[in-house]
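Q: Residues per chain, in single letters:
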Amino acid sequence: MTIYNFLSSILSYVFTFIIYLFIFSVIRLIYLDVKKMSRFEKNNTDDVACASLKPVKSRVDISSPLKSRYAIYGYAEIGRASSCDIQLHEDFISAKHARIWFDSGEWYLEDLGSRNGTAVNGQRIREVVILDPEDEISFGGLNFVFEL
Amino acid sequence: MKNNRKIIHVLVLVSFMFLALVSYLLYFNMFEAGKVVNNPYNQRQWEDERYVKRGSIYDCDGELLAETVADGDKRIRRYPKGHLYSHVIGYYSRVYGKTQLEMQYEKELMGHGDITLSFNELRSGYDLNLTIDNDLQSYAYDKLNGRRGAVVALEPSTGKVLAMVSVPDFDPSAESLEQNWKYIVEREDSPLLARATGGLYPPGSTYKIATTAAAYNGGYTQKTFNDTGTFKAGGIKVENYGGESYGEIGLKKAFEVSSNFAFCTLGYELGAENVKNTAESFGVNKDITTDIPVAKSRIEYKKMTGEDAALVSIGQGQLLMTPLHVAMMGAAVANHGVMMKPYLVGSVTTSSGMTLSTTKPVEMYQAISPDCAAYLNELMVGTVKEGTGKNAAISGITVAGKTGTAENETSKDHAWFVGYAPAENPKIAVAVLLEYDGGSGGKSAAPIARDVIKKYLSK
Amino acid sequence: MSNISGAGRGRPVVLLVLMNLLGFGLLYFANGFNINIIWVGLGLLGLFVIMYAVLTLCKMGDKFIVPMACMLITMGVILLCRIDIEKYGIKQIAWVALGGAAFFVAYAVYYNFKYWHKLWILYFLGGAALFIATLLFGKTVNGSKNWLQIGGFAFQPSEITKILFIMFLSCHFSGCRTEPLLGLKPRYVTWLGTYVFIGFLVLQRDWGTMLVLFSIYIFMLYVYEKSRGFLLMNIGAASVIAILGYHFLHHIQVRVSTWLDPWSDISNKGYQITQSLFAIASGGYFGRGIGNGSPGYIPEVHSDFIFSAVCEEMGVFGGAAIIILFFLIAYRCFKISIQTTDAYDKALSFGLTVMFAMQTFIIVGGVTKMIPLTGITLPFVSYGGTSIVVSFASLGIIQAISAKSERGKNLEGDASNQPQEDQQ
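The listed protein sequences correspond, in order, to chains A, B and C. With our numbering, the residue at position 91 of the first sequence is 91, and numbering never jumps. With our numbering, the residue at position 14 of the second sequence is 14, and numbering never jumps. With our numbering, the residue at position 60 of the third sequence is 60, and numbering never jumps.
None of these hints come from the bench; they were simulated from the model. Quick caveat: nothing in here was measured; it's all calculated off a predicted structure. Some hints here could point you the wrong way.
[Said to hold, decoys possible] Distance ranges between label pairs, derived from CB positions:
id, chain 1, residue 1, chain 2, residue 2, range
1, C, TYR285, B, TRP181, 34 to 44 angstroms
2, C, TYR285, B, LYS74, 30 to 40 angstroms
3, C, THR56, A, ILE130, 35 to 45 angstroms
4, C, ARG228, A, GLU136, 50 to 60 angstroms
5, C, VAL14, B, GLN43, 34 to 44 angstroms
6, B, VAL69, A, TYR13, 35 to 45 angstroms
7, C, ILE35, B, PHE31, 39 to 49 angstroms
8, C, TYR285, B, ASN180, 32 to 42 angstroms
[Said to hold, decoys possible] A few chain A positions that, by computed beta-carbon distances, are all more than 10 angstroms from chain C:
id, residue
9, PHE22
10, GLU106
11, GLY113
Cβ coordinates follow ideal geometry from the N, Cα and C atoms, glycine included.
Could you put together the complete structure from these sequences and hints?
A: Encoded structure:
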């Protein structure tokens, strides 16, 4: 047995280990991804409260197209980060800008310390507020109408 | 979305297909790979030879039996004793593969598990030191004198194989095999069959040892038989050898003269269950694992009747045993009823002489009680002294033995003898089989056993 | 929820880099410390990293498929370098570079061009032209006439035809083509087209590709065809053809008999499959180590039989890893196909996925003797320029489909599609 043969047989275990670790970490990421997705797709169950944000005219320039409507199922984070439920790829939106959630009959909105702030009906919010239907929400100047 | 649901069906099907692939791969690796790797067409087996010089094989006195000669990139496996060990060591051919010790000890001979690193220099595999005594082996071979059959000699107290000859045999060198393969395979007397370990024969009257053990355990030792010469029961009719009838005889006498009448009667009275259990206590229907492959001795009945039991009791019917197993039966009697596991490789050593492993004797079964063994010893000594085994007697040494003449599908009987000596303190147990000999065990086989025993004890 | 990103996200890529470094380090050692191997390895690694970076930075859809394909490529390239670095290894890396380019080109072209579903006649004619060109000017290699040479550049047209065939089928199954042709309903036009393609492949004796194409057709029928009878009729017709083929074509009889018992004729008909089995069997669970085995005994080890070499040197676990990776790729692609709302994209990504899955199943099952052997390349692992480039291009198309649906920018639905579904 030469040194090379010896080294190579040891490495064969290392390779197997690396490949399976690779497979494992990919599966883990896919799992997390699917778990995140499934929150969006649970729309058929009635017990989750539904609401949506509909873009309206804003004064700011936007660089990427918006959907005509963003659905919220019980809970949603809004921001630039890919982990957010509603992603807005704009520079003036913070990574984690705000969150909206439903709790015992009411919808709540909270700013998550964003740079450009969040406003409801033109009023910048400092703490958690309760949302009413047809409220106009502005994330750093990007306007939406809150609909049930 | 109906399409999406169907796409998921396809995804499930694909998962099953891939799962099947992985399972099949694992199954193949677990259960089939071993067989596939040893296929002689697998060239990988010969790769190690580039940097390993296959180990040598020696007899118990260090006499060379097999070695590999390296000539540049060529490796030639030499067998200095030629035919003599073709059924023990086997052959080693790139075309036809490996057999016997060459196969079973592949890893040791190629020095696997040796992790010393070296730079492309020729390393030596490990050597095997057999328990076989080359002098005795060649002596037994000469005594067989070309007759088809087998001689197996064991050391009763340990199970060491002292000699193991099977005839006909062949030249195991790869060159000769590759030239004569077709001829060897097509020869009617099948020289590739290792008769001592792979041949299954009816043991004939040598099996009366086991039947006597059953009779001893069943309390039949004082029984007398009125031997009329012909045993009849159900649809069978068994005569004594040579058409003799012995009249009023006891068990001891019946054993010494090998009365078929008496033993058929015994077997019939003991019953199928009892006879079968006795056979199994001697290892019939069980695997014998030793250094080379051994065929399983067997007693094959769907439903065994009393008549079948009568036939089995005289070593006929559907009972088949290997010569090695018959020798082990004799050795068990010699060893106070304990059957030892036979072994051929005494130790494995490195080429520089360091011992890597030494085989320790292993008890297989307590086939019979020590008292029963003592009783059988008395009967077997009597057989050689004044019964059918007179031809095995040696002056000055008490020999114990039992002859057998086994009927088979031809008109020529197999001649058997199994015995050991000295009876007071057995040093060697021998079984001799002459296939399709036509003569009786006492006449043909006993003299060979006598000579082999004498040769060994005079050493 | 929010900590999904962060630490875990980059790990597969780190492992991929580690695998490459160790693998090429070993090859560097094996080839007498030839520094060029390190450069080549770094080049390959750079390619992977660039691909992954572009993919994530430009948000080009699914992020998992490409790293997995890169892992497959890595395993393949390391083995090919070990089998014959001059003949296969370096060239394969060049092909992978070209494949990477093909990936982005296919992505960009497919993403931006909007009329793919209208070009069915072009796909058909293109495929047929390639077949006819092969039959007329093709080179025969190993009993199959499936190489075409243009100038100094040889390629296997059947690889390209596979894509054209899938695009052709998608036109029909997506419902983009409804008007009858020459009085024939579209269903029968597609049916006829399929059998024409398959007929050409039979003439070329390219059984592997034929099997892949036919199974794509059957799976698509299963998903899209409303009439069960038509699907069963096709399966029935296929079985009849298979039985007739078995009775009248010696070639197929030999395949089946060597599958059932390769051991009785090892030196002749069973040679390929038994050599493959010897290799797999001698690998054990963890393999003999890169460079310790003897894949040289296996015929065609660089292309069809690469899986056996993987099993010998990386073990059954290495082989199983390849199967698992292909499964995960297929899973992600099916998911893309399910998520996209554009009918043509859905059909096309489904077809391409079935192509990858079937190709893997047919060749891996073949070399392990689970099913009769039909020669076909293992995508991303086998050596072969056409195979690598076409596999990467297919991946580019799937990636484009994924990007489209993730950006909610489907061809017809525009933005209004999404919420409608949401509110069901």
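Q: Each hint: holds or not?
A: Do the hints match the structure? See the list:
With their beta carbons about 36 angstroms apart, TYR285/C and TRP181/B fall inside the hinted range of 34 to 44 angstroms. Under the hint 30 to 40 angstroms, the C-beta atoms of TYR285/C and LYS74/B, about 34 angstroms apart, fit the expected range. Roughly 38 angstroms separates the CB atoms of THR56/C and ILE130/A, a value that falls within the hinted 35 to 45 angstroms. Checked against the given bound of 50 to 60 angstroms, the beta carbons of ARG228/C and GLU136/A, roughly 53 angstroms apart, stay inside it.
Evaluation of the 34 to 44 angstroms hint for VAL14/C and GLN43/B yields a pass: the beta carbon distance comes to about 40 angstroms. In this structure the supplied range 35 to 45 angstroms holds for VAL69/B paired with TYR13/A, their Cβ-Cβ distance being about 37 angstroms. Checking the proposed 39 to 49 angstroms range against ILE35/C and PHE31/B shows it holds: the Cβ atoms sit about 46 angstroms from each other. Distance hint check for TYR285/C and ASN180/B: the Cβ-Cβ separation is about 41 angstroms, which falls inside the suggested range of 32 to 42 angstroms.
A beta-carbon of chain C comes within 10 angstroms of the beta-carbon of PHE22/A; the shortest separation is about 4 angstroms. At roughly 21 angstroms from the closest C-beta of chain C, the C-beta of GLU106/A stays outside 10 angstroms, upholding its exclusion from the interface. The claim that GLY113/A lies off the interface holds: its Cβ sits roughly 14 angstroms from the closest Cβ of chain C, which is beyond the 10 angstroms cut-off.
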